[in-house]
Each structure stands twice: as structure tokens, then as C-alpha cells.
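Participant: Here is how the chains run, residue by residue.
2 protein chains.
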Amino acid sequence: MTVPVLEAKRFVLQAMVAVGTVRQHAQQLADVLVTADYMGHYSHGLNRLEMYIADIETKTTDPNAHPAVLKESPATAWVDGNNGLGPVVGNFCMQLAIQKAKAAGVGWAVAKGSNHYGIAGWYTRTALEHGLLGMSFTNTSPLMGPTRAKEAALGTNPLSLAAPGKNGDSFVLDMATTAVAVGKIEVQRRKGEPITEGWAQDPEGRSTTDADLAFKTGCLMPLGGSEITSGYKGYGLGLLVETLCGILGGSAFGPNIRRWMEHTDRPADLGQCFVAIDPQCFAPGFNDRMSTLMDYLRGLQPVDSSKPVLVPGDPERNHMKMVDQQGGIQYHDNQLKASAALAKRLGITPIEVK
Amino acid sequence: MTVPVLEAKRFVLQAMVAVGTVRQHAQQLADVLVTADYMGHYSHGLNRLEMYIADIETKTTDPNAHPAVLKESPATAWVDGNNGLGPVVGNFCMQLAIQKAKAAGVGWAVAKGSNHYGIAGWYTRTALEHGLLGMSFTNTSPLMGPTRAKEAALGTNPLSLAAPGKNGDSFVLDMATTAVAVGKIEVQRRKGEPITEGWAQDPEGRSTTDADLAFKTGCLMPLGGSEITSGYKGYGLGLLVETLCGILGGSAFGPNIRRWMEHTDRPADLGQCFVAIDPQCFAPGFNDRMSTLMDYLRGLQPVDSSKPVLVPGDPERNHMKMVDQQGGIQYHDNQLKASAALAKRLGITPIEVK
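One line per chain: the protein sequences are F and G, in this order. So that you can map any letter, position 190 of the first sequence is 190 in our numbering, and since no number is skipped, the others follow by simple counting. So that you can map any letter, position 86 of the second sequence is 86 in our numbering, and since no number is skipped, the others follow by simple counting.
Worth flagging that the hints you see were computed from the coordinates, not collected in a lab. Please note: incorrect hints may appear among the correct ones.
Some chain G residues well away from chain F (every beta-carbon gap over 12 Å; in silico) [to be verified]:
no. : residue
1   : Ala-77
2   : Tyr-232
3   : Gln-280
A partial selection of chain F residues facing chain G, derived with a Cβ cut-off under 7 Å [stated by the list, open to error]:
no. : residue
4   : Val-5
5   : Ala-179
6   : Gly-198
7   : Gly-225
8   : Thr-243
9   : Asn-287
10  : Met-290
11  : Leu-346
Here are the simulated DSSO-like pairs of lysine-lysine, each with C-alpha atoms no more than 27 Å apart in a straight line [as the list claims (entries may be wrong)]:
no. : chain 1 : residue 1 : chain 2 : residue 2
12  : G       : Lys-102   : F       : Lys-102
13  : G       : Lys-166   : F       : Lys-71
14  : F       : Lys-150   : G       : Lys-307
None of these values were measured; they are calculated from a predicted model. We treat Cβ as the ideally placed atom computed from N, Cα and C, and that holds for glycine.
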């Protein structure tokens with residue numbers, strides 16, 4: 001049940017065009033979503049297509065809107081996403097940051113009025129193609145309970161850094177600032193198994209191992225878990241991301257952000273931040289040092305010899321290699337059924353499975 | 001047993017001058033160390049004075065060295081700390097970043113050849129005085145075991161972000177990327193009590209609750225603890241900090257950094273990164289939004305009514321208020337005895353306790 005990467009992209013592109021998206025924008029969403037699947041991040045890929053489409057059909061997102069620069073300085077840009085597609089806004093901002101980094105050493109673009117932009121690592125990897133370091137941050141719907149609080153007030157607020165090594169190698173961190181994503185709780189719930197202490201809260205604000213209760217409560221714990229294991233640091237990181245996104249960009253922020261999964265006709269108005277840094281403005285030999293350190297880390301003696309020490313970015317590289325060897329992405333049967341139903345409704349060619 | 005803030009600073013200043021430091025540099029170290037105590041971070045204050053002095057007496061640090069700019073662009077500066085005092089290098093770099101942020105929107109300074117600079121939050125708070133956001137990062141001696149690895153390869157690698165709110169309020173995150181600092185393990189060890197799961201490893205690389213074993217092993221776990229609770233994110237954050245410090249700055253990095261506590265005549269050659277961002281380059285009203293979110297968070301219903309929800313920066317504010325009310329910093333008797341012995345050895349006036 002494998003789907004070639006190009007076939008998956010073709011499907012997303014046609015589905016988006018069918019609901020009125022211009023090809024050039026549809027292609028950008030297709031690239032981001034299918035790349036997430038290609039890298040093994042199935043929670044941010046094809047499975048989200050119907051949510052993007054619902055936002056277009058209800059006119060909550062304008063798929064053909066172009067972002068606009070509201071304010072500029074040598075190293076910065078403030079951008080209005082004009083409620084366009086997240087990847088269109090994100091690519092626009094990252095390109096701006098890259099241009100500015102080439103001229104001023106650092107480029108820092110912040111958008112308001114954006115929508116879900118897929119994996120943060122998509123944008124930071126773009127910087128690698130220019131020999132730059134990239135960073136990206138986005139706020140998201142409230143799902144994380146600040147340390148000591150009973151309810152959720154911040155999102156999973158991911159952050160990403162990409163830095164180039166030698167011969168195409170790279171360090172790519174792309175992480176939510178919560179302990180885990182909701183998807184991990186859902187998996188345990190379906191299996192009827194408990195979740196790990198420190199992942200999520202019950203309605204009273206205590207850490208719970210009950211997957212069903214955790215899922216219904218919808219209040220993830222920050223990275224670090226409870227206060228005794230320094231969960232307040234993960235909470236602080238979530239607030240750092242919100243500061244660089246919604247507070248700096250003037251978009252919706254914190255508890256004011258709509259919940260994506262609920263039916264709504266209110267635009268998301270997300271805030272997103274994109275940074276590019278030119279390593280040539282600092283010590284010569286960046287890529288060599290980066291590779292030296294990455295190779296040292298990979299060569300550390302592992303606790304369990306079957307689990308080698310990895311560098312962030314390695315799991316994605318390994319997954320892409322596997323997909324290449326298999327000749328396509330392996331999707332779950334339910335995903336393919338949902339896509340077939342969508343194809344029928346939109347009158348487009350269904351995904352062709354190899 | 002309280003010591004007025006100015007008296008503590010007087011003591012550090014005189015001690016540093018006694019070992020040959022020019023007053024202007026001695027004052028900068030005094031300000032950083034005593035401010036840490038004032039804020040309640042006793043692990044980064046007066047208790048470290050003897051380590052700074054030992055580095056000067058063994059000529060491992062040059063207390064009178066001036067940092068120099070090696071390379072500049074509109075938004076960036078690469079600096080050689082010339083093995084000077086960490087706070088001297090740090091203040092120099094942060095001032096550079098602030099100047100550049102005022103001209104270009106963002107200023108990004110990276111130093112090599114630096115020494116321990118005290119609390120990261122000292123530098124980021126400087127940006128607040130200029131109405132800017134500040135960020136700072138430093139690499140440190142290897143103490144953290146990357147996820148799956150048996151031994152330590154990265155430092156506690158702290159990061160800080162400071163952002164201004166209304167009426168002098170602010171959000172100041174200042175955190176190590178390890179689950180806890182070594183000091184927390186030492187406290188449990190002295191009390192003869194176990195440590196919490198997820199703080200530190202035993203020599204086999206497993207999480208241990210044995211405080212004595214953890215202390216002797218010297219391998220902290222990253223924020224998040226074990227792999228199942230996403231410790232690989234904390235490991236990734238530690239590597240992010242190292243990338244922005246040692247890899248970008250061309251200083252010592254990762255496992256190559258000397259261990260401070262061990263006798264050595266090798267310079268630390270630390271890498272440090274300082275960023276300033278002008279919020280006026282983005283959406284108007286930054287301080288208002290920051291305060292709105294901070295006040296919302298503080299007003300969240302707490303799980304335990306005796307433990308209100310805090311914003312990073314609040315514990316330090318509360319501690320400073322307490323010190324002001326008490327008329328001074330409360331030091332442990334052992335700290336005062338050690339300082340008295342140092343005063344005698346250096347021939348300076350001992351700390352006068354109120």
C-alpha cells in the first residue's frame with residue numbers, strides 16, 4: 001500500500017485546486033504536507049488535508065490571498081498573511097528572512113493573519129539550501145496547561161532550528177514545546193493502553209495515565225512534565241514561542257486562538273516567526289564544526305546497542321530513505337479510504353496506490 | 001545573617017581587585033554575581049567567586065583583557081573575548097547587539113574566547129532597559145548525557161529570553177536545558193534523600209534516584225528526562241544552544257570544553273550568543289499584549305490554591321522583594337565562613353553582616 005511521493009502531491013494539488021485554490025498556492029501546501037509524511041510525521045501530512053479544505057469551503061481561509069509586507073528594516077519584516085494558506089505565508093516570510101540575512105547577516109520576519117503552516121522544519125530546511133541557519137516558530141490553538149494551572153492556555157507552540165553540516169548533512173530540531181503531541185495520546189487510547197506520567201492532565205490538573213481521560217480533557221503538559229521534573233521550563237519555552245509569534249506579530253495569541261478541530265468560521269489569525277542567520281558573518285568553518293559535533297554524538301556509546309545515539313534530523317532522514325527504497329509512502333488503510341471519499345466528493349482522480 | 005546588596009558587591013569588587021583585576025572589570029563581575037544571589041539563584045552568585053579567583057591566580061583567565069570585534073555586518077558581530085572575564089565579554093556583546101538592533105531591527109553578537117558569564121538572564125534584562133527583547137545562550141562544561149548515550153557530551157547550556165511588558169513588568173525565561181542543575185542533586189545528597197526519576201543517569205546510562213551515585217556519575221538528563229517523556233527534545237535544545245555558541249563562534253564546544261571544577265590551566269574558551277530585537281519593527285503595542293498574556297496566565301485557576309500560576313521572572317521578582325524587605329541577602333553560614341577565609345587570605349575587609 002505505497003503511494004509515490006509525486007502521486008501524493010498530485011492528489012493534494014488537485015484537491016486544493018478543486019475547491020478554488022490557484023495552482024501555485026495549492027502546490028505549496030502539497031509540498032509541505034506530503035514532505036511531512038515522507039519524513040514520517042504523519043500527524044502533519046495528508047491526514048490534515050480535509051481540515052485545510054474545510055477552512056476554504058467555509059471561507060474561513062482565503063486560499064488565494066497574498067501576504068503583504070507592513071513594515072521593514074534592514075534585518076526585519078512585519079508581514080500580514082491576509083488570512084492566506086499557512087505555507088504560502090511561511091514560504092514568503094522565510095524567503096524574506098533569507099534575503100535579509102544575505103544582506104544584513106540576520107533576517108527576522110514575523111507574520112500575523114496566517115493559518116496552520118504544517119511542519120516548522122519545512123521552513124528552516126529552506127535556509128539550509130542557501131547555506132544559512134534557519135529558525136521558525138508558530139503559535140497554535142490552546143492545548144497546554146501552564147505549570148500549576150488547571151486548564152490549557154497556550155498551544156503546542158513548536159520551534160525549529162536547522163543548521164548545515166558538511167556534505168549535505170544537517171542538524172534539524174523540530175519540536176513541540178509540550179511533552180508529547182495529542183496524536184501520541186490518541187494512539188494509546190485506540191490501543192486501550194495507559195499513557196506515561198507527565199504527558200497530560202486530568203480535569204483537576206493532576207498528571208494522569210488514563211489515555212481516554214487525557215484525550216477528553218485536552219490539556220497537555222509542557223516538556224518536562226510536572227513541576228518537580230522542571231515542567232515550568234517547557235511552559236517557559238511555550239511562552240517564548242508565543243512571545244516571538246503572537247505578541248511580536250500582533251495576531252491572536254494564547255487562549256484567544258480558536259480551536260482548529262472545532263467548527264468555526266473565525267479565521268485562525270496565527271502568528272509565525274522566521275529567522276535566517278548567515279554563518280559566514282561569524283567564525284569560518286561552521287559546517288565542519290557542525291559535522292564534527294554531530295559525528296561525535298552519533299558515535300557515543302549507546303545504553304542499548306540496538307538504539308544508536310541520533311542527532312535531531314536523523315529520524316527524518318532514515319524515514320525518507322525507507323520511503324525511497326519502498327518506492328513510496330505507506331499510508332494507513334483508513335487514510336486511503338478517507339482520501340478516496342474526498343476524491344469522489346471533489347470529482348478528482350483518487351490516489352493511485354502502487 | 002543578612003548582607004546588604006551593596007556590601008556583597010563591595011566584597012566581590014575588592015576581592016577581584018586584590019588579585020589584580022581593574023576596578024571597572026571587577027565591578028562587572030560583582031554586579032552579575034550578587035544580582036544572582038539577590039534573585040535567589042545562589043548557585044550562580046557569591047559561591048562561585050573563588051572559582052573566578054582561582055582562574056585569575058593560575059593565569060587561566062586574563063581579568064584585564066578587552067574583547068575585540070573580529071567581523072561585523074549591519075545586524076551581526078563576531079567577537080573575540082580574548083580570555084577575559086565572562087561578564088566583561090557578555091556586557092560588551094550585549095551592548096553591541098542592542099546598538100545593532102536599534103539600527104537594523106535585530107542585533108546578533110557571538111563571542112569565542114569567553115569565560116563563565118554568570119546568569120544568562122543578566123544580559124537579556126539589559127535589553128529590557130532599552131525597550132528591546134533580549135536573548136542569550138552559553139555553552140558550558142560537558143555534564144548532560146544525550147538521549148540513549150552512556151556519557152555526558154554537552155553542557156547544561158542555558159538559554160534566556162527577556163521581553164518587556166507594561167509598567168516595568170517583564171517575562172524573563174532563564175533556564176538550563178538539562179532537567180535540573182547539579183546543585184539540586186547536591187542538596188538531596190546532603191539531606192540523604194533520593195532524587196526524582198528523570199534528573200540524572202547512573203554509570204550504565206539508566207535513570208537513577210540515588211543522589212550519591214548521580215552526583216558521582218556527573219551525567220545529567222536533558223529537560224524531559226527519558227526518551228519516553230521526550231528527553232530527546234531537551235537534548236535537541238542543548239544542541240541548539242551549542243550550535244548558536246561554540247559552533248557559530250568557533251570556540252571550544254561540546255565534549256572539548258574543560259570541566260570548570262577540575263584543576264586546569266587550560267582557558268575555558270567558551271562560546272556565547274547575544275541577541276537583541278526591537279519590537280517597534282513589528283506590530284505596535286508589544287508591551288500591552290505581553291502584559292495582557294502575563295496577567296491572564298497569573299490569573300489562571302491553580303491546581304493548588306496555595307501555589308499561584310507564575311510567569312517566568314516572577315520567582316526572581318518575589319525574591320528581590322523579600323531581600324529588600326529584609327534589608328539584605330541571607331547567606332548560608334558556610335558561605336560566610338568561606339568568604340571570611342578568602343578575605344583573610346587576600347587581605348581585604350570581610351563581609352559585614354547586618
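Participant: Next step is simple, just say for each hint if it's right about the structure.
Facilitator: Each hint tested on the structure:
| no. | hint | result |
| --- | --- | --- |
| 1 | Ala-77 | 8 Å, violated |
| 2 | Tyr-232 | 7 Å, violated |
| 3 | Gln-280 | 9 Å, violated |
| 4 | Val-5 | 26 Å, violated |
| 5 | Ala-179 | 5 Å, holds |
| 6 | Gly-198 | 5 Å, holds |
| 7 | Gly-225 | 6 Å, holds |
| 8 | Thr-243 | 5 Å, holds |
| 9 | Asn-287 | 9 Å, violated |
| 10 | Met-290 | 5 Å, holds |
| 11 | Leu-346 | 37 Å, violated |
| 12 | Lys-102/G x Lys-102/F | 19 Å, holds |
| 13 | Lys-166/G x Lys-71/F | 23 Å, holds |
| 14 | Lys-150/F x Lys-307/G | 12 Å, holds |
Hint check: violations occur at hints 1, 2, 3, 4, 9 and 11; the rest are consistent with the structure.
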